[in-house]
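Engineer: Sequence:
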Amino acid sequence: MHTTLVPILCLLTTSFAATQTATVRGKVEDVSGTTNQFVLDGTVLPLVSTALNLNAWRGQPAVLQVVNVGTAAAPVLRVDAAAPTTALMDMGNLRLGNTSTWEVTAPNGSFVLIAIDFTANTGFLPLDPFGTYLLGPNPYLLASGFTNAPDRFRVAVTVPPDQTLLDAAVTSQAIVGNPAGSWYFSDPDHKVVQP
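For the sequence shown, this note's numbering assigns the number 13 to the initial residue and increments by one for each residue that follows.
These aren't lab readings, by the way, just hints derived from the structure by calculation. Among the hints, a few may not be true.
As the list claims (entries may be wrong) - Derived DMTMM-like pairs: lysine to aspartate or glutamate, alpha-carbon spacing no greater than 20 Å straight-line: (1) Lys39 to Asp102; (2) Lys39 to Glu115; (3) Lys39 to Asp92.
It should be emphasised that the depicted structure is a prediction, and the values quoted were computed from it without experimental measurement.
Full structure from sequences and hints, please.
Structural biologist: Have a look at this one:
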């Protein structure tokens, strides 16, 4: 099932000025082979900060308050604040021809929709009050359903035994509608397809 989520979500939200603060769930990761260069884990989005030591936040799930100090076409996210949280999205393992369990953590009875895209396609689209959409404009809708005890939505995902997928970097993100009626985007998770 293929969908164009971004236009639908844009119709449901108000306009968002480029200089406004946005909320992003995710982890700070360092850029391999560099010093003090960071990205939002699972994306191609550079992170910078004068307010925080990003090294101290590496690998920790957080709710980040960011401002895009780049352009719409080439975002650079300035992190102004961070608060620790728990990871919501877990892709399991991606191995050619194998099945793994993906899960989203959310309150029992929440509606969950999981979409995936190649990591190279990730972007930055703040959609207040839902958080920030991080996949590309044409993600693949992988699964949807409701959480059950213990506050998890689980789905079995089989990676096709297609050799052209080997070493592909894939990112997933969920949108969650909880029973109280609020909607929000999860943190992204990403994996590289292994043999």
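Engineer: Give a verdict on every hint.
Structural biologist: So, going through the hints one by one against the coordinates:
no. : hint            : in the structure
1   : Lys39 to Asp102 : holds (13 Å)
2   : Lys39 to Glu115 : holds (18 Å)
3   : Lys39 to Asp92  : holds (14 Å)
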